[in-house]
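Residues per chain, in single letters:
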Amino acid sequence: MLKYILKRLLIFIPTLIVISLLTFVISQKAPGDPVENMLNRNQGGEGQAAAKIAGEKAYMRKRSELGLDLPVFYFSISNATSTDTLYRIPKSSHRETLERLAWDYGNWDHVATYYRSVRSFELDLYNFNKTPSTAETITKVKEYVNLLYLTYEESKIKSILNNIESEFRGTKSFLDLNGGFNSIRNTFENIVHSQNISNRYIPNVHWYGFNNQYHRWFFHFIQGDFGISYQDQRPVSSALWDALKNTLSISLLSILLAYLLAIPLGISTAVHKGTRKEKIITTTLFILYSLPVFWIATLTVFFFCCGDYWCWFPAPGTAPIPEDAPLLYQFGEWLYRMALPLLCLTYGSLAFISRQMRGGMINILGQDFIRTARAKGLEESKVVNKHALRNSLIPIITLFANVFPAAIAGSIVVEHVFNIPGMGKLTIDAINARNYPVIFSTMMCTAVLTMIGNLVADILYAMVDPRISFTSKS
Amino acid sequence: MNILRRILFPFSSGDKALEKIQEKTDQSFWGNVKKQYRRNRLAMFAFYFIVFLASIALLADFIANEKPLACSYKGNTYFPVFRSYAVDLGISNWPADLQNATWKELEYDWVVFPPVPYLPKNTDVANSQFKSPFDEQEVKSWRWKHHLGTDDIGHDVLSSMIHGTRTAMLVGLISMFIASMIGIILGSLAGYFGDQRLKASRASILFIILFLLFGLFYAFSSRSYILSESFSQGLSVFFVQLLLSLVILAAFLGMGYLVAKPFKKIPFLGVKVNIPVDIMISRLFEVMYSIPTLFLIISISAIIEKPSIYVVMVIIGFTSWPGIARFIRAELLRVRSLEYIEAAQAMGFSEFRIIFKHAIPNALSSVFIALAFGIASAILTEAFLSFLGVGVPPEQLTWGTLLAMARTTPTAWWLAIFPGFAIFITVTIFNLAGDGLTEALDPRLRK
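Sequence lines, in order, name chains U and B. Our numbering puts the first sequence at residues 3 to 476. Our numbering puts the second sequence at residues 390 to 836.
Please note that a few of the clues may not be correct.
[Stated by the list, open to error] Looking from chain B toward chain U, a few residues come up when the C-beta cut is under 10 angstroms (computed):
1. Val476
2. Leu487
3. Ala592
4. Ser593
5. Ser679
6. Ala691
7. Ile812
Just so you know, these hints were derived from the structure itself, not from any lab. Idealized CB from N, CA, C, for every residue including glycine.
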């Protein structure tokens, strides 16, 4: 048994790695610049060179703090238009533009020179001694330069350059800037003239080693460090831990309830198959099975939670239970508040489990050994409870692997509708705020939870059914 | 009815007379299944209801529309709903005086409006701010009443629900189409070959992997910008580009196969080794089962900058194939040891011909069950996503978005009850059909 569990745990590792890769890929595609999201600061526009440099320094510091100045993955596969040092360019928006420019013209070196000349021109702009008469123009040109960082189409870049030129025209005080501006022009002309698209079709593989973003993120995740939330700058793990407690307590309780109710229901409907009572129960269960949780949750909140109708249960989001209250009161109050969420979370799995239980029981009751048991004169109750029940429980236990993820998923709905601070609400709030570290941490955590649920189901299965031996079977 | 039956049971024999004989003698498998399915009254009801929903989805423009079905305006007879299809296709044009007409306010000689004279995207300003079905509504007559009320800015709920049917059906169809394509291919490979039966020489494994990598590079990595830009130009352009990428990939695989041929003569590279297809694909199942699908869908939808219902369909399709694949795998494990497959092998048919022509058709019955339940859950997932407001654009009125509005407005009971009921009925109907099929296909459950 121990050997089996160890073996099962070993399978855990590749699955976890695949899931982490998937999550990481999705998180890489998340729009926006994570550092800017954290700093939440506007750059460019007004300000002197010193302020600009200080801002960039703060940006770089945060970036290396988050490990975002590292290569993304162990290796990169790209085409020869791009470079393997692209990750060193700080801003993701600049990176995207440069990559695209390189792809369009197939010559990274020229693109890099162009980028450098734009950067130095921007610095010139910040260093420029402004007079009241020129300040407005400088601000405008700064905006154009910012646009240059985001543009890759030839015609648009040219029109931006023309705009800058027309801003400068006729004013002698801008003569100092002309050198920088002309070098942008020239470097861009170089890009266009040396276009070499064939580079797109030359693969370029580069190995970066273990000091990379994925490696760092994955090992931090295993150690319980999930990153820092954009919203409140708090470690994600502490928010997640609080949420997890709420989610697990209601979903596990609801699974327990579902099993406790479903097994006797399933047995009695199987034993009394064909009677009118059984038909009513079976139909009801079928309807319950198809009722969408989010609809029922909405309806119960709508009608029973102090809206315009009845006020039988507290409205969602009532003040938390005081912690100094007696334990029994706390528990009672918690149950009272959780009654409707629990109901919504339970009825679906209740219907599912009891349907399966009924099917399994009917199957078992038709088998030969039950006929034998009856033939030797056993009471019906003994036949059912002792002989049939044990055998029909086996598939029901493996259902845990289906019910557990469903309960976690169901908790998204219930927490959203009833305003319970759990994983689901955390995720949805994070999505609305585009708070990606939280989204991907909850995804990883729910995946790990689901895997644990599958493991528990497998182990239970092995414990219940003596026929299954996992040690050596081909 | 016969055509519809054909759609549902496309593998029944084509000849009508033969079909009848088969039905009578109870010889054909599908004839038997049909007979069993028809005996189940609830399942038959579900089938008719699916047909009903499908026709609402198809005819939504004729049932709920602001344009008249037919009218006579200034002496000319028009069929504006039909004509708008033609205009969309670029075949026809609107006459100048009808170009930007407000159809409701024109003075017609005579006019036939659709049963519900509203479009979901347009608003009735006079009846905004949540008019209940029983409220006094500012309409010309009973004919123009909002029978299921309106929402905050005056969308007609009934019309939104009718057009929402189309969205729901499309979600079910498209996502299950994607899921069954992936599921059937992977499941049949795993089930038919198992761990022992697929053998390949080391040379071909080596070269096919090598050329697969190159193929992926040239088909997707080199064309990444072309692909991503075509997506914004429209779905058809995107599919053409995607097809081109797939053709490139296939060409590379073919090249790998050809290049490997001479290398097979080298003793070491020519050795045939087993490819454990089943283990590999089963690991993939496990990964898919370990990912909480809903969280995955939510996370993917969260990073998409331009939310679209089609993206949601694709995501649902790509995450729900394991159910179908598992069914097919189990069926093919059974089918592959049957004698007729052995006979086909003895006749020297290629493995892929056996799989696709002989093995899969025999295993498809179970896919129908998985499809029925899959459509139900896809519709439910889409409704749930739009309920949360994730991945579905806010201007797209679906059953889920209507229901979500009820959550924020605790007085609008009609928004809480009708859309939810539509979701519930649709899901139930597909589940019932799935149940009926299970029963009809399983000889143990037959009466």
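Of the hints stated earlier, which fail here?
Violated: hints 1, 2, 3 and 4.
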